[in-house]
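Undergrad: Read top to bottom, the protein sequences are chains A and B. Note that my numbering has the first sequence beginning at 108, numbered continuously upward. Note that my numbering has the second sequence beginning at 471, numbered continuously upward.
Certain hints may be false.
[Claimed, not checked] Covered stretches of chain A, going by a simulated chain B footprint (3 or more residues, C-beta under 8 Å):
1. 196–207
2. 225–239
[As the list claims (entries may be wrong)] Which residues of chain B face chain A? A few of them, derived with a C-beta cut under 10 Å, are:
3. MET650
4. SER655
5. LEU657
Source of the hints: derived by calculation from the structure; they are not laboratory data. Glycine is no exception: its CB is placed at the ideal position from the N, C-alpha and C atoms.
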Amino acid sequence: MNEKVIEIENLKAYYRISGNINVLALDDINLEVKKGEFAGIAGESGSGKTSLLKVLTHSFPSSMEIKGKVVINFRDKNFDVLTLNEDQIQSLRWKAWSYVPQAAMNSLNPMAKIKDIFLETLESNDKTMNRDEFRKKMEDAFENVGLSKQFLNFYASRLSGGMRQRAIILLATILKPNIIFLDEPTTGLDLITQKDVIQLLQNMHDELNSTFLLVTHDVSVHAQATDFVHIMYAGQIVESAPTKELFHNPLHPYTKELINSVPIIGGKRGRIEQNIRISSSIANSVQGCKFKDRCPYAIPSCGKYVYTYKKGDHEVKCNLYES
Amino acid sequence: MRNSFIDNISNLLLVYRGFTFGIIILVVLLFLGFGLSNFAPSNDLLWGMGNAPFSIPPTFNYPFGTTTNGQNLFWLLMIAIKNSMLLGFLTGAISIAIATIMGFLAGRFSSGILGDLLNMIIDSFCVIPGLPVLLVLAFALKNYINVVMISLILSIFGWAWPSKQMRNIVMNLNQKQFIMTSKFSGLNTWKTFLHDYLPYVLPWLLIQFLGLVNWAIGMEVTIAIFGMSNMSVPTIGTSIYWAYTNQTLLLGQWWWMTFTLILTILLMLSIYMVSMSISDYLNPRTRLTRLQKSKVLEET
Numbered sequence: 108m109n110e111k112v113i114e115i116e117n118l119k120a121y122y123r124i125s126g127n128i129n130v131l132a133l134d135d136i137n138l139e140v141k142k143g144e145f146a147g148i149a150g151e152s153g154s155g156k157t158s159l160l161k162v163l164t165h166s167f168p169s170s171m172e173i174k175g176k177v178v179i180n181f182r183d184k185n186f187d188v189l190t191l192n193e194d195q196i197q198s199l200r201w202k203a204w205s206y207v208p209q210a211a212m213n214s215l216n217p218m219a220k221i222k223d224i225f226l227e228t229l230e231s232n233d234k235t236m237n238r239d240e241f242r243k244k245m246e247d248a249f250e251n252v253g254l255s256k257q258f259l260n261f262y263a264s265r266l267s268g269g270m271r272q273r274a275i276i277l278l279a280t281i282l283k284p285n286i287i288f289l290d291e292p293t294t295g296l297d298l299i300t301q302k303d304v305i306q307l308l309q310n311m312h313d314e315l316n317s318t319f320l321l322v323t324h325d326v327s328v329h330a331q332a333t334d335f336v337h338i339m340y341a342g343q344i345v346e347s348a349p350t351k352e353l354f355h356n357p358l359h360p361y362t363k364e365l366i367n368s369v370p371i372i373g374g375k376r377g378r379i380e381q382n383i384r385i386s387s388s389i390a391n392s393v394q395g396c397k398f399k400d401r402c403p404y405a406i407p408s409c410g411k412y413v414y415t416y417k418k419g420d421h422e423v424k425c426n427l428y429e430s
Numbered sequence: 471m472r473n474s475f476i477d478n479i480s481n482l483l484l485v486y487r488g489f490t491f492g493i494i495i496l497v498v499l500l501f502l503g504f505g506l507s508n509f510a511p512s513n514d515l516l517w518g519m520g521n522a523p524f525s526i527p528p529t530f531n532y533p534f535g536t537t538t539n540g541q542n543l544f545w546l547l548m549i550a551i552k553n554s555m556l557l558g559f560l561t562g563a564i565s566i567a568i569a570t571i572m573g574f575l576a577g578r579f580s581s582g583i584l585g586d587l588l589n590m591i592i593d594s595f596c597v598i599p600g601l602p603v604l605l606v607l608a609f610a611l612k613n614y615i616n617v618v619m620i621s622l623i624l625s626i627f628g629w630a631w632p633s634k635q636m637r638n639i640v641m642n643l644n645q646k647q648f649i650m651t652s653k654f655s656g657l658n659t660w661k662t663f664l665h666d667y668l669p670y671v672l673p674w675l676l677i678q679f680l681g682l683v684n685w686a687i688g689m690e691v692t693i694a695i696f697g698m699s700n701m702s703v704p705t706i707g708t709s710i711y712w713a714y715t716n717q718t719l720l721l722g723q724w725w726w727m728t729f730t731l732i733l734t735i736l737l738m739l740s741i742y743m744v745s746m747s748i749s750d751y752l753n754p755r756t757r758l759t760r761l762q763k764s765k766v767l768e769e770t
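In isolation and in its complexed conformation, chain A is listed as follows (with noise of 0.2 Å):
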């Protein structure tokens, strides 16, 4: 459990703009994934959740410039993703990780049959497995979800978005990769089928026993999802702790304030206090904190270095706990 699948070091990532704009999606993130662990990344909309995935699973735009390392481990072999081509990349792709993509409801052909789009995954990616054994693979694997196998004829535009987002995490696992990539796996879907795909994401995971990594924004799907959970701010993970640690005792005022912004039912009615404001450089380098800005607590050192505070596997970077 404690042997380490994913480990990245010092990763920067720019976005480039326009001639020398550059926008930093990603600022210094160091980051370990234990094996089989099902880990999460939380942070609002534009902290750098999806950049971060874009470059684990190398599908990150030709405007991206990256530094760093990112240390993937397939068959007690590193693979670092960065310096691999795109021939060596693919035929890591699906057997050392797969992806369910951001939007994955729009991630299946809508004019191609569902079995037809497996297939053309499978075939292109397994060639020890003839058709009909691809065949009995889909259908079991989708029996074993409780999908009856009539739904493989199905176009992908008839299915619900419910089903679809089912179909796309069946893709994504019926090959059984080591380590499989959620991309805000339950984004836009009601409350009902976001539990039942959280339900498949866990059962996936006991049964595969591969390691999972989540990024939403959604703080509760993380609660009921993970084991563990990284918070990221304005590119920069701010907090790490396993996922009851956090919820019961989060650090970083970063974190308090995106726990407590879930609403809750029968919670007090009224209005918002706004007592943040928005900083309007969270995208760049800054001296010391990114939060401070918006932070009611912040102090003056916030504004020079950034103090990292560990007990155990919680770690938050904050000069509030600096002793």
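Based on the hints, put chain B in the right spot on chain A.
TA: Leaving out everything else, chain B in the frame of chain A:
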């Protein structure tokens, strides 16, 4: 589950009168051109001398009249329709094949050197004035000119504009999540084209093809009027050329030009109406309005 192709065709036939009209005319012309023309007598297969009376107006024996050289205009025009349609369809097929491949590759690899190079070639062919170059080519290849050669010459310029549009469609599709999924799934360029891009562009390609057929028939007429076509082979263009050269209108032999023009208009109009109806049907907004008006939507 009903076959969606049959559904679409029956919707088109029920709701779009233009499509129904166009298809009926096209089928009749196809029958006349590719079926009936096979029964033409040997001396009416090419422009030349015939053994019928000279320059007589339409009668029961000669429904379209005869030419100044004593040929039965009915059979010549049947062959002309066949050759013009053949030329149009061949040019359309060659041009659309080139346009599809060039446009797809230029769009798919738009961010690389290959994409830039292909785009430059497409742009060049778009801006080169086609007619003078076609006339020069037709003149240079005059000894080898036949229906296939004219199709090949026309195809040199026919592909460029559809290719430019195809590139834009492909670049738009590149942003779709399911295209990225296919790329992530390891599908090669050919498979991605077949499974992901082609189903989206196929109806559009059909409309472009029909447009190119009409364009090619029109261009052949232009080339023939300049005397650059194979003047012994009956086509719509050569029919107009010989009718004009023999001064049929001045001599009061109205039937030659009239029947040629009627058949030309029917052919081009039918192709245009089919093309427009399909284009209209493919636009979801106009399709829904039409289907709702005709109550087909409720029935289906």
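Undergrad: Are the hints correct? Go through all of them and say.
TA: Evaluated hints:
| no. | hint | verdict |
| --- | --- | --- |
| 1 | 196–207 | holds (count 4) |
| 2 | 225–239 | holds (count 4) |
| 3 | MET650 | 7 Å, holds |
| 4 | SER655 | 4 Å, holds |
| 5 | LEU657 | 6 Å, holds |
Hint violations for this structure: none, all hints satisfied.
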